[in-house]
Amino acid sequence: MTDPRPLSFHVPAPAVRPGGIPDFSDVPIARAGEVRRPEVDTAPEDIRDLAYTIIRVLDRQSEAVGPWAGLLGDDELIAGLRHMMTLRAFDARMQMAQRQGKTSFYMQHTGEEAVSCAFRTALEPGDMNFPTYRQAGLLIAGGYPMLDMMCQIYSNELDPLKGRQLPVMYSSREHGFFSISGNLATQYIQAVGWAMASAMRRDTRIAAGWIGDGSTAESDFHAALVFASTYKAPVVLNIVNNQWAISTFQGIARGGSGTFAARGLGFGIPALRVDGNDYLAVHAVAKWAVERARRNLGPTLVEYVTYRVGAHSTSDDPSAYRPKTESDAWPLGDPVLRLKNHLIRRGVWSEERHKQGEAEIMASVIAVQKEAESHGTLHSGPHPSARDMFEGVYEETPPHLRRQRQQGGI
Amino acid sequence: MSRRTMVEAIRDALDISMQRDERVVVFGEDVGYFGGVFRCTQGLQQKFGASRCFDTPISELGIVGAAVGMAAYGLRPCVEIQFADYMYPAYDQIVSEAARLRYRSNGQFTAPLVVRMPTGGGIFGGQTHSQSPEALFTHVAGLKTVVPSNPHDAKGLLIAAIEDNDPVIFLEPKRLYNGPFDGHHDRPVTPWAKHPQGEVPDGHYTVPLGKAAIRRAGSAVTVLAYGTMVYVAEAAATETDIDAEIVDLRTLLPYDLETIAASVEKTGRCVVVHEATMTSGFGAELSALVQENCFYHLEAPVVRVTGWDTPYPHAQEWDYFPGPARVGRALKAAMEA
Ligand SMILES: Cc1ncc(C[n+]2csc(CCOP(=O)(O)OP(=O)(O)O)c2C)c(N)n1
Ligand SMILES: [Mg+2]
Numbered sequence: 001m002t003d004p005r006p007l008s009f010h011v012p013a014p015a016v017r018p019g020g021i022p023d024f025s026d027v028p029i030a031r032a033g034e035v036r037r038p039e040v041d042t043a044p045e046d047i048r049d050l051a052y053t054i055i056r057v058l059d060r061q062s063e064a065v066g067p068w069a070g071l072l073g074d075d076e077l078i079a080g081l082r083h084m085m086t087l088r089a090f091d092a093r094m095q096m097a098q099r100q101g102k103t104s105f106y107m108q109h110t111g112e113e114a115v116s117c118a119f120r121t122a123l124e125p126g127d128m129n130f131p132t133y134r135q136a137g138l139l140i141a142g143g144y145p146m147l148d149m150m151c152q153i154y155s156n157e158l159d160p161l162k163g164r165q166l167p168v169m170y171s172s173r174e175h176g177f178f179s180i181s182g183n184l185a186t187q188y189i190q191a192v193g194w195a196m197a198s199a200m201r202r203d204t205r206i207a208a209g210w211i212g213d214g215s216t217a218e219s220d221f222h223a224a225l226v227f228a229s230t231y232k233a234p235v236v237l238n239i240v241n242n243q244w245a246i247s248t249f250q251g252i253a254r255g256g257s258g259t260f261a262a263r264g265l266g267f268g269i270p271a272l273r274v275d276g277n278d279y280l281a282v283h284a285v286a287k288w289a290v291e292r293a294r295r296n297l298g299p300t301l302v303e304y305v306t307y308r309v310g311a312h313s314t315s316d317d318p319s320a321y322r323p324k325t326e327s328d329a330w331p332l333g334d335p336v337l338r339l340k341n342h343l344i345r346r347g348v349w350s351e352e353r354h355k356q357g358e359a360e361i362m363a364s365v366i367a368v369q370k371e372a373e374s375h376g377t378l379h380s381g382p383h384p385s386a387r388d389m390f391e392g393v394y395e396e397t398p399p400h401l402r403r404q405r406q407q408g409g410i
Numbered sequence: 001m002s003r004r005t006m007v008e009a010i011r012d013a014l015d016i017s018m019q020r021d022e023r024v025v026v027f028g029e030d031v032g033y034f035g036g037v038f039r040c041t042q043g044l045q046q047k048f049g050a051s052r053c054f055d056t057p058i059s060e061l062g063i064v065g066a067a068v069g070m071a072a073y074g075l076r077p078c079v080e081i082q083f084a085d086y087m088y089p090a091y092d093q094i095v096s097e098a099a100r101l102r103y104r105s106n107g108q109f110t111a112p113l114v115v116r117m118p119t120g121g122g123i124f125g126g127q128t129h130s131q132s133p134e135a136l137f138t139h140v141a142g143l144k145t146v147v148p149s150n151p152h153d154a155k156g157l158l159i160a161a162i163e164d165n166d167p168v169i170f171l172e173p174k175r176l177y178n179g180p181f182d183g184h185h186d187r188p189v190t191p192w193a194k195h196p197q198g199e200v201p202d203g204h205y206t207v208p209l210g211k212a213a214i215r216r217a218g219s220a221v222t223v224l225a226y227g228t229m230v231y232v233a234e235a236a237a238t239e240t241d242i243d244a245e246i247v248d249l250r251t252l253l254p255y256d257l258e259t260i261a262a263s264v265e266k267t268g269r270c271v272v273v274h275e276a277t278m279t280s281g282f283g284a285e286l287s288a289l290v291q292e293n294c295f296y297h298l299e300a301p302v303v304r305v306t307g308w309d310t311p312y313p314h315a316q317e318w319d320y321f322p323g324p325a326r327v328g329r330a331l332k333a334a335m336e337a
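Respectively, the protein sequence lines represent chains A and P. So that you can map any letter, position 221 of the first sequence is 221 in the numbering used here, and since no number is skipped, the others follow by simple counting. So that you can map any letter, position 282 of the second sequence is 282 in the numbering used here, and since no number is skipped, the others follow by simple counting.
Chain A on its own, in the form it takes in the complex (with noise of 0.2 angstroms):
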C-alpha cells in the first residue's frame, strides 16, 4: 500500500465577488418551449429529467411558446401584471418608508415578483400557503387589503396583529395566507401537516409550502419531504431559488446536488424547475402542481429559479458580497418587464398603458398609505397599546401574567 495523500477540504465559492465580472453563461437554460409537458399522473421515476432543467414559456421575441403555454386569456394576465406591478410599487413605498424611520424593518421582492403572484392565481380559496417573508404577492394577487398589509408594517392602532411581529410577518387565515414565522423553513413541514390533515379528513384543499434556497439546508425541509412522500400529502413544495441567502450563494446550502429541484429524486417526489421570472412558466407549473394535489396525486417539488435584485432586508448591504452588476448580467431578466413585452406582443397592451398602469398603481399604493399613516407609524401617532402584549399568549390569561402587568402599571 502506498502512503495515503493528504486529505483537503472543501468549501464552495461562487464565481465571482465584489470586483469581478459576473458571468452566467455557463449557466445552462433552456430555451423557451423546449420542455415537455407531462401529464400530471406520470411516474415520478418517468420525469427525473424536469429536475435539472428550466420551464421556460416567454421566449426573447416575447412570444409564449410551447407546451406549457396558452393557460391563461388576456385579461388575467393583464391583472397579473398588474399584481407585479402593485407589489413593486408597495416594495418602493415601504423600503423608503423605513429609510424614513416610519417602521423598523422591510424585505422587498424586486425580480421575484412573478413567483409568489403567479402562484396565487393557481390556488382555490380555502388552499393554504405556509409562507415566508418574500412572498407578499400572494396577498397582493389574492385579494388582502393592502391597507392591513402597511398597518402591519407600521405596528400602528389597526395593525391586525396588535404590534407584536416584525414588519412583513403577516397572517390571514381567511386569505389562506399561514402566520410567518421569522425562524426559517420551520413551516416547510407544517405545510405537510396541514396537507396531511386535509387529506385525513377528506377535505378538498390543498396546502403550499415555501422556502428559500438557503433555508433548505434546515432539517425542516428535509423532514417536510420524507413526509410528503410517506403519507403523498397534497402539497406543492415551493423552493425560491434566488440564488443569495443574505451574503451566501446557492451553492453552499445546494453542495453537490446538480439543483435543489433534483433534492425530491430521492423522496420519489416529482420535482420541477422553473423560470421564476417567467409569470406564464410559473403559473402553468404551479396549475400543474396543484392539480396533482388536487386529484390525491401527491407532492410535487418545484424550484423557482430567479435572483434576488435588493438587498437582503433593510439591514443588508448587498455591495459588500457581490459586484453590484450581478443583477443585470442575470440572464432571465426582469419578471415585469418580460410579462409587459409580452402583452405588447399580444396587442393589449402599450408602453402608453404601462405608464399609465404605472402611475395610476403608484397613486393609489400612496393613497393607501397616507390612509395607513393617519392610523399611525412605528414611533409617532396611535398605536397599539402595551396591554396588547399581555393578551393572546394563552386563551385565558392566567393569573402570573395579570399580576405582571397590574405590577407594570398595564
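Because the hints were derived from the structure by calculation, they are not lab data. There could be a bad hint or two in this list.
Unchecked claim - Among the chain P residues that face chain A by a calculated CB cut under 8 angstroms, a handful are:
no. : residue
1   : E29
2   : V37
3   : A50
4   : F54
5   : D55
6   : P57
7   : F124
8   : T279
9   : D309
10  : P311
11  : H314
The beta-carbon is built from N, C-alpha and C at its ideal position, and this holds for glycine as well.
We have chain A; now place chain P with the ligands onto it with these hints.
Same frame as chain A, now just chain P with the ligands:
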C-alpha cells in the same frame, strides 16, 4: 491598549485564538466571506483561509453538530449562531450531545467548543431577533454559560471560553456591541471609545470563567445583573440615588457564589435583573441561591425585575424591556421593604 467596540474585541479574541492555536476554527451563517451579520468575524477568512473560517449552510443543527464532531476529533471550534433566537434547531446537539459527551464516554470524548450568539433585545427586532435564552442553557448539566457586558471582558472571556475544555455558550448582548446601552432608548448611546471598559489590552489575556465583577460598589442593596442590564442598573441607581452595589455576573454558570454572597451579606438586600422572561428564568436560580446562602442577612425579600412572561413584542418593545424606571422602582421597593 486601545479603545474598541465589543464587536472589535470579539474579532480580536478570535483572531488571537486562531493565531495561537491552529486547532481553532470559526464558522457559521454568513461568517466567512462577509464576516458575519454583526461583522464579528470580518477579515478572518482573508487572514486564515477558508479552511479555518467559512460559511455554512443555514442549518444550526449542522453547525453545532459538526462542531461537536470536530471538537471530538481534537479541534476547537468556535461557531456562530446568527441570533440566539435561531439556536433552537441546534438545541438537541447542544443539550443531548455537546453537554453530555464527556460524561457518557467517561472522558474518552469531549466537546471543547464555543457557541457564540447575539442575545437580547432593544433593536426592534421582534420575536426572532430579541430573545434571551440563557436559562435554557444554565439548566443543562455540562454547559458553561457566559454573558459579557463590555469589550474588555468580551475579549478575555471569549479567549478563556475557547481555551476551556468544556462546551461554552457565549451570549453577546447585541445592544452592547457599540456602546453601554442603559435602557434610555431616547438618548444616544455613549460609544465604547468614550467608556473606560472600552479599553482593551492588545494581545492575549483571559478573564477567568466563573468570576463576577463589582461594577459599582455600594452598601444599601445588591443588584445581580449581567449583559445590558448592568448599565440599566447603573442608570437606575444613579437616578434613584440609591447606594446600590452592582454585581456583573459575567459567567452565569459556573456562578460566582462567593462574590454574590459577600455582597448580599454586606447590603442585606438584593434585586435580581434580567431581560429574559421571569418564570423559571435565571433570576429564579439567583434568588434561590441568595435565599439559601444569605437568609439570615436579608432585611427584605429578594426582588426580581425581568422581561414579562410574554413573547418578545415588536411595537411594545419599551413596555417589555425592563428599563431604568422599572429597575429604579424595584430598588426603592427593596429599600422600603
Ligand atoms: C433558523 C434561522 N436561522 C437563521 C436565520 C437568519 N436568516 C434570516 S433570512 C436568512 C437567509 C435566508 O435565505 P433564503 O432561504 O435563500 O431566503 P431568501 O432570503 O433569499 O428569500 C437567514 C440566514 C433565521 N431567520 N432563522
Ligand atoms: Mg435565497
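Hints, one by one, checked against the model:
1. E29: It holds, given that the least Cβ distance between E29/P and chain A is near 7 angstroms, below 8 angstroms.
2. V37: Check passed: Cβ of V37/P comes within 7 angstroms of chain A, closer than 8 angstroms.
3. A50: OK, holds: A50/P within 8 angstroms of chain A, min 4 angstroms.
4. F54: Hint on F54/P: holds, closest Cβ of chain A at ~5 angstroms, below 8 angstroms.
5. D55: Where the cut-off is 8 angstroms and the nearest Cβ of chain A is about 5 angstroms from D55/P, the hint holds.
6. P57: Nearest chain A Cβ about 3 angstroms off; hint holds.
7. F124: Given a least distance of 4 angstroms, the restraint on F124/P holds.
8. T279: holds, 7 angstroms
9. D309: D309/P check passes; min Cβ-Cβ to chain A is 6 angstroms, inside 8 angstroms.
10. P311: holds, 7 angstroms
11. H314: Holds, about 5 angstroms.
The structure shown violates none of the earlier numbered hints.
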